[in-house]
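As a plain string of letters, each chain reads:
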Amino acid sequence: MDILDSYLRAVKRCLPRAQSDDIIRELSDELRSQLDEQQAALGRPLSDEELMAFFKKHGDPMTVGRRYRQDHRSLSLGWELIGPELFPMYLILLSFNLALTIAAVVVVSLMVHLPIKPDTFLVPVLAQIICLTVVFTILNLIRRKFPQPWYYPPAELAPLLPISRWYSLVGLAMWATVAIWWLAVPHFPQLILGSGAAHLKLAPTWHRFYVPMLLLLLASVSQRVVSLVYPTWTWVIPVVRAIINGAAVPILYGLMFKSQTLVVPAEGIQNTPQNQQLVEKFNDLIRWGILGPWLWIWAGISAMVYAWYCVPHLRRLIRRVRGQALSAVS
Amino acid sequence: MSPGNSNHDLFENLRLELRRGSLILAVMASLQAEQYGYTLRKTLTEHGMPIDEGTLYPLLRRLETQGLLVSEWREEDKRNKRFYRLSEDGKTIFKQLLAEWQSMNSSLNGIL
Chain A
1 MDILDSYLRA VKRCLPRAQS DDIIRELSDE LRSQLDEQQA ALGRPLSDEE LMAFFKKHGD
61 PMTVGRRYRQ DHRSLSLGWE LIGPELFPMY LILLSFNLAL TIAAVVVVSL MVHLPIKPDT
121 FLVPVLAQII CLTVVFTILN LIRRKFPQPW YYPPAELAPL LPISRWYSLV GLAMWATVAI
181 WWLAVPHFPQ LILGSGAAHL KLAPTWHRFY VPMLLLLLAS VSQRVVSLVY PTWTWVIPVV
241 RAIINGAAVP ILYGLMFKSQ TLVVPAEGIQ NTPQNQQLVE KFNDLIRWGI LGPWLWIWAG
301 ISAMVYAWYC VPHLRRLIRR VRGQALSAVS
Chain B
331 MSPGNSNHDL FENLRLELRR GSLILAVMAS LQAEQYGYTL RKTLTEHGMP IDEGTLYPLL
391 RRLETQGLLV SEWREEDKRN KRFYRLSEDG KTIFKQLLAE WQSMNSSLNG IL
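Protein chains in written order, with our numbering: chain A, 1 to 330; chain B, 331 to 442.
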C-alpha cells in the first residue's frame, strides 16, 4: 500500500535510528490491522480520502516519532522556544549550516589573503544561529497554536491536500505585481534603471527575451488563479511550475550569459568615460544582481524539484487509468 | 483564555496525570498473558481503558527497556507480530504495584 508505506517512511525519519526498523515493523502491523478492520467493517477498500482521514487521526509523522524518543531535549529561555519535536531537526540543520559557514569563511579568507582569526567567524556564525533559531521558534509557535497539524504529509498524500486559498492568493498578488512591473518596464525604464534611466536605455537584446519572460510570468499568474478557483486540482502546481521553471532556464541563460550588453547609452548621451562606466555598472548590476545567476540556478533547481513532485500525481493518474480499464473489462 | 477553557485544560492535565500511572498497571495486568500490541489495545479498550497506539507502543518499549516486559517476533495470520509478556522481574513489580494500588484505593475510599 503506497500511502501506508509512505507514511511509515515519514515516521521512520523522526525515530531514534537504532530502533527505527523495529518500531516501523511493529507500527506497520498495527496500522495494517486497523485498516483491515475498517475495510472489513465497510466491506470495501478505503478511499483515498478515508485513508487520509485515518492517517490524520493517527498523527503527523513528527509527533508520532517524538513519542518514541527518550531524549525530550528542547530549547527554552524561560519559555519554550523550540519544542522536542523540532529540536532534533534544528540541531541537524544548525550543525550543517555552521559547518558550511565556517568552511566558506575559511575558503573566502584564503582566496582574498585575509588572516583567519576567531573574530572573522563571529558575525557569520552568530547570524546563522540567530536566523535558524528565529525560524524554528516561529515554526514551534505555529505547532503549538495548531495542535493537530499535518505539516509533513508524505509525498503520496500531497495530491489529496487541497491547496489553501490563502496560499494561492498571496502567490497571485506577488506574481501579478511582478508581471505588472515587467509589463511597465518598456514604458518606464526607471523601474529597472532607476535614476540612470535619464542616461541609459535597454539594449535591443531585451526584445528577444521580453515576450518569453512575459509569457512565463502570465503563466505563473494563471496558475495561481486556477489554484484559487479549483483548490482540489493539486496537480496544477507541480506540473505548471515544472514547465515554467524549466522554460525559464534557457531564457535566463541566454539573457545572462549570451547577451553582451543589456543596457546602452540613451540617444543624445555622449560617449564619455564617465557614461561608459555608468553603462558597465548597470550591466553588471542587472546581470549579477537583479537577474543574476542565482535566479538561473533557482529556476533549474525548482524545475527539478517540481518535476519530482509530479511523480505521485502521475502514479495516481496511472492507477486511475488502470482501474478504469479493469472495470471496463469486467 | 476564558476561565472555562482554563478549567477544562487543568482538568485534562490532571486527568492525564491520574491516568498515566493507572495505564501502566492496566498494561502490566493485561500482559500476564502474552499478547501483541493490536490485541492488547483492543483488550484495554474493551475494559474501558482506551489507549491510542501512539501512547501504547512507546510505553511498551519503555517497560521493555526497564526489564519489566519481554518480547519476541512471531508470525501469526501470515504477518509478523511482536508478542509481549511480563518478565519475571515484571511479575514481581506488578504484584508490588497492585498491592500499592489496592492500598491507595482503600485509603482514598476512606478519605472520600
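Do not rely on the hints blindly, as some may be mistaken.
Straight-line alpha carbon distances no greater than 27 Å define the calculated DSS-like cross-link-like pairs of lysine-lysine that follow [what the hints assert, rightly or not]:
#	chain 1	residue 1	chain 2	residue 2
1	B	LYS372	A	LYS12
2	B	LYS372	B	LYS421
3	A	LYS145	A	LYS201
4	A	LYS117	A	LYS145
5	B	LYS372	A	LYS57
6	A	LYS57	A	LYS117
7	A	LYS56	B	LYS372
8	B	LYS408	A	LYS12
9	A	LYS117	A	LYS56
10	B	LYS425	B	LYS372
It is worth saying that the hints were derived from the structure and are not from the lab.
Outcome of the hint check:
1. B:LYS372 / A:LYS12: Distance of about 25 Å is within 27 Å: holds.
2. B:LYS372 / B:LYS421: holds, 22 Å
3. A:LYS145 / A:LYS201: violated, 52 Å
4. A:LYS117 / A:LYS145: violated, 43 Å
5. B:LYS372 / A:LYS57: With a Cα-Cα distance of about 17 Å, the restraint between B:LYS372 and A:LYS57 holds, given a limit of 27 Å.
6. A:LYS57 / A:LYS117: violated, 53 Å
7. A:LYS56 / B:LYS372: Status holds; Cα separation ~21 Å.
8. B:LYS408 / A:LYS12: holds, 24 Å
9. A:LYS117 / A:LYS56: Violated - the C-alpha atoms of A:LYS56 and A:LYS117 are around 51 Å apart, more than 27 Å.
10. B:LYS425 / B:LYS372: holds, 23 Å
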